[in-house]
Amino acid sequence: MITLISSDKRKFHVLEEVANQSLTIRDVIEDRRGRRRADRIILVTNINSKIPEKVIVYWLRHFLMPEEIAHASMSHKKAEKLKKWEAKFFDTDIDTLNDLILAADSLDIPSLFDGACEKVSDILKNRSAEEVGEISKIENEFTHEEEEEEIPSENAWVWRNEFA
Amino acid sequence: MENNVTGTDKISDLTDDILTHILSYLSTREAVQTCIFSKRWRSTWASVPVLRFDYGNFVPEATKRMHKESMVKFVKFVRGVIQNREKSLSLDTFEFRWHAAHDPCHCADLFSSECILLALKFNPLAFSVCACRRVILDCIEPIFACSSLESISLECASLSSDDKFLNLTAVKLPHLKLLELHSANVDDNFFKMLFSGCPVLEELKLYSCILHASLLSSEVLTSLVLKRCSFQNKLVISTPNLVHIDIYHAQSDGVRLSMETMTSLRAARIQCLTVHVNDTVKCSKGLLNLHVSSTFGISAHTLKSDQRKKVTRKGFPNCSNFKNLKSLQLGCSDLNHMFNSVPLFLHKSPNLEKLSLQIFPKNIWLNMKEKSIEEEWRDAKSRYEKWRDALLQLKHLEVVEIVNCKERMEIVNKLVEELSSFLKSTEIKIVN
Numbered sequence: 001m002i003t004l005i006s007s008d009k010r011k012f013h014v015l016e017e018v019a020n021q022s023l024t025i026r027d028v029i030e031d032r033r034g035r036r037r038a039d040r041i042i043l044v045t046n047i048n049s050k051i052p053e054k055v056i057v058y059w060l061r062h063f064l065m066p067e068e069i070a071h072a073s074m075s076h077k078k079a080e081k082l083k084k085w086e087a088k089f090f091d092t093d094i095d096t097l098n099d100l101i102l103a104a105d106s107l108d109i110p111s112l113f114d115g116a117c118e119k120v121s122d123i124l125k126n127r128s129a130e131e132v133g134e135i136s137k138i139e140n141e142f143t144h145e146e147e148e149e150e151i152p153s154e155n156a157w158v159w160r161n162e163f164a
Numbered sequence: 165m166e167n168n169v170t171g172t173d174k175i176s177d178l179t180d181d182i183l184t185h186i187l188s189y190l191s192t193r194e195a196v197q198t199c200i201f202s203k204r205w206r207s208t209w210a211s212v213p214v215l216r217f218d219y220g221n222f223v224p225e226a227t228k229r230m231h232k233e234s235m236v237k238f239v240k241f242v243r244g245v246i247q248n249r250e251k252s253l254s255l256d257t258f259e260f261r262w263h264a265a266h267d268p269c270h271c272a273d274l275f276s277s278e279c280i281l282l283a284l285k286f287n288p289l290a291f292s293v294c295a296c297r298r299v300i301l302d303c304i305e306p307i308f309a310c311s312s313l314e315s316i317s318l319e320c321a322s323l324s325s326d327d328k329f330l331n332l333t334a335v336k337l338p339h340l341k342l343l344e345l346h347s348a349n350v351d352d353n354f355f356k357m358l359f360s361g362c363p364v365l366e367e368l369k370l371y372s373c374i375l376h377a378s379l380l381s382s383e384v385l386t387s388l389v390l391k392r393c394s395f396q397n398k399l400v401i402s403t404p405n406l407v408h409i410d411i412y413h414a415q416s417d418g419v420r421l422s423m424e425t426m427t428s429l430r431a432a433r434i435q436c437l438t439v440h441v442n443d444t445v446k447c448s449k450g451l452l453n454l455h456v457s458s459t460f461g462i463s464a465h466t467l468k469s470d471q472r473k474k475v476t477r478k479g480f481p482n483c484s485n486f487k488n489l490k491s492l493q494l495g496c497s498d499l500n501h502m503f504n505s506v507p508l509f510l511h512k513s514p515n516l517e518k519l520s521l522q523i524f525p526k527n528i529w530l531n532m533k534e535k536s537i538e539e540e541w542r543d544a545k546s547r548y549e550k551w552r553d554a555l556l557q558l559k560h561l562e563v564v565e566i567v568n569c570k571e572r573m574e575i576v577n578k579l580v581e582e583l584s585s586f587l588k589s590t591e592i593k594i595v596n
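Residue numbers (our numbering), protein chains in the order written: chain A, 1 to 164; chain B, 165 to 596.
To be clear, the hints were calculated from the coordinates, so they are not data collected in a lab. Positions of the beta carbon are idealized from the N, C-alpha and C atoms, including for glycine.
The list that follows gives simulated cross-link-like pairs (lysine-lysine, BS3-like), each with its CA atoms no further than 27 Å apart:
hint	chain 1	residue 1	chain 2	residue 2
1	A	Lys-84	B	Lys-391
2	B	Lys-369	A	Lys-84
3	A	Lys-125	B	Lys-240
4	A	Lys-81	B	Lys-570
5	A	Lys-78	B	Lys-369
6	B	Lys-391	A	Lys-81
7	B	Lys-251	A	Lys-125
8	B	Lys-341	A	Lys-83
9	A	Lys-78	B	Lys-391
10	A	Lys-81	B	Lys-490
11	B	Lys-570	A	Lys-78
12	A	Lys-81	B	Lys-369
13	B	Lys-545	B	Lys-559
14	A	Lys-78	B	Lys-518
15	B	Lys-391	B	Lys-341
16	B	Lys-232	A	Lys-125
If you want the ones that stay clear, here's a sample from chain B, every Cβ over 12 Å from chain A, calculated:
hint	residue
17	Leu-253
18	Glu-259
19	Arg-298
20	Pro-306
21	Val-335
22	His-346
23	Ser-347
24	Leu-521
25	Asp-553
26	Ile-566
27	Glu-571
28	Ile-575
29	Val-576
30	Val-580
31	Lys-588
Every beta carbon over 10 Å from chain A, so not counted as near; a handful from chain B, in silico:
hint	residue
32	Ser-378
33	Glu-517
34	Leu-555
35	Leu-583
36	Phe-586
With these hints in hand, go ahead and build the complete structure from the sequences.
Below, the structure is given as structure tokens:
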């Protein structure tokens with residue numbers, strides 16, 4: 001059993017096999033192998049408690065997944081089920097996704113990282129630039145004069161192509 | 165970074181690496197549109213290692229036909245991106261989709277070729293193109309000589325058997341793992357050049373292709389998918405390391421396949437109108453899942469009647485036992501056929517755990533008379549005992565599934581009734 005401690009001091013107990021899905025954790029455990037129990041505690045200081053909860057849920061779901069998935073055509077139904085589950089899992093607000101990306105990045109969980117990034121890209125997709133600014137809390141940083149001045153330099157071709 | 169925005173600026177907190185990763189899921193147009201409003205992101209699009217151009221995004225939805233304005237816009241955009249992108253940056257993925265149907269006079273052929281050739285200069289890893297046949301045939305040589313490629317997908321509009329063969333003169337793809345072809349005419353020479361020039365090719369997927377070849381032989385191939393292909397000759401598949409084979413929706417009648425020893429095969433699906441069986445299943449001791457279905461299934465339908473008897477009596481003279489086979493799906497046209505083919509397989513696979521039986525709906529029968537359930541039962545009765553005995557022999561059988569077919573409810577019900585009369589400890593269920 002491994003204990004993860006989040007930035008707000010909450011503890012999470014996870015089976016080693018499950019937590020092994022994080023390559024970072026796996027390496028840490030590998031390094032400390034053979035030592036006492038106290039060393040099985042891992043501080044995850046850069047993320048708050050809401051995120052480890054989600055990460056662990058994700059781990060558990062994937063842990064239960066048998067490896068046969070590789071032969072997709074044969075276990076089509078299972079693959080589809082997982083897909084549905086993931087769609088639901090990632091259906092959350094952009095801040096959470098953002099934190100998930102950071103957590104997956106630092107814990108090195110490739111599939112979670114990719115999944116969350118894809119979802120963010122989905123949200124960005126098909127929205128006009130202004131809306132994107134709103135979602136990502138970027139305001140249009142250019143004043144009108146600046147726009148006039150700056151745009152022709154590097155992105156002029158885009159501007160003419162898309163908005164003229 | 166000057167940022168006078170108050171409050172959290174979550175996405176902008178992410179590092180550039182993550183940002184470009186997120187943008188790499190978008191089409192290049194979306195990525196550029198997303199970027200240009202933010203100072204910080206402004207030039208981020210130029211370092212995304214993915215180029216994804218789809219003409220479909222440029223056409224107003226209402227118009228289906230060629231649209232001059234959107235074509236000009238598309239061409240300008242693609243040129244602009246390629247010219248303005250970081251020259252030193254490597255390219256992971258290049259996708260280019262041109263809809264030939266929008267361009268009956270081939271106005272964009274030259275432009276498409278130009279883009280493809282330019283993209284190849286960036287040494288991409290994954291390469292996916294959908295364009296006119298002419299463009300693909302023109303560019304085929306440079307594509308198959310681009311040694312950085314790990315996956316290739318080429319697609320063009322529907323073809324006829326008179327179209328030119330995909331002709332390869334030199335192939336140098338030392339890293340290629342996946343090849344996907346849509347609508348191509350391929351012959352023996354193609355396979356020969358391909359497998360000799362791609363030493364690590366693991367996956368081959370052919371969709372809607374016409375195969376004039378008679379031999380497909382590779383030492384390294386692990387997965388083979390042939391979907392909606394038509395087979396002009398008898399095809400010998402000799403791939404000892406194949407793990408997964410999937411042949412379905414075959415377009416030609418009487419597919420003749422010969423599969424040589426495949427000791428690592430774990431999953432197979434062969435679904436054609438007719439399969440010539442005495443050639444076919446001569447494979448694999450490690451097979452775990454097998455799904456064979458054809459309208460006439462396993463009975464060698466096109467053989468002459470005397471030969472046919474021989475095949476039936478001998479079962480599969482050439483096939484080894486499927487000792488590891490755990491799940492088997494058989495599709496049949498009628499009861500007679502099912503009673504006939506089931507024992508053939510079951511005698512060879514003593515450890516079967518799950519059996520799925522499927523009766524096809526009527527419309528895919530070829531020249532078959534309609535029969536009532538009573539007639540069918542009477543015709544098939546002579547084989548019934550053999551079928552029952554074969555099923556009773558299976559010690560590990562846990563589930564028998566019958567795939568429900570609305571048009572043939574009577575037979576499905578009859579089967580369930582019969583099965584449950586003698587299989588006491590096996591679960592019998594109807595699935596959809």
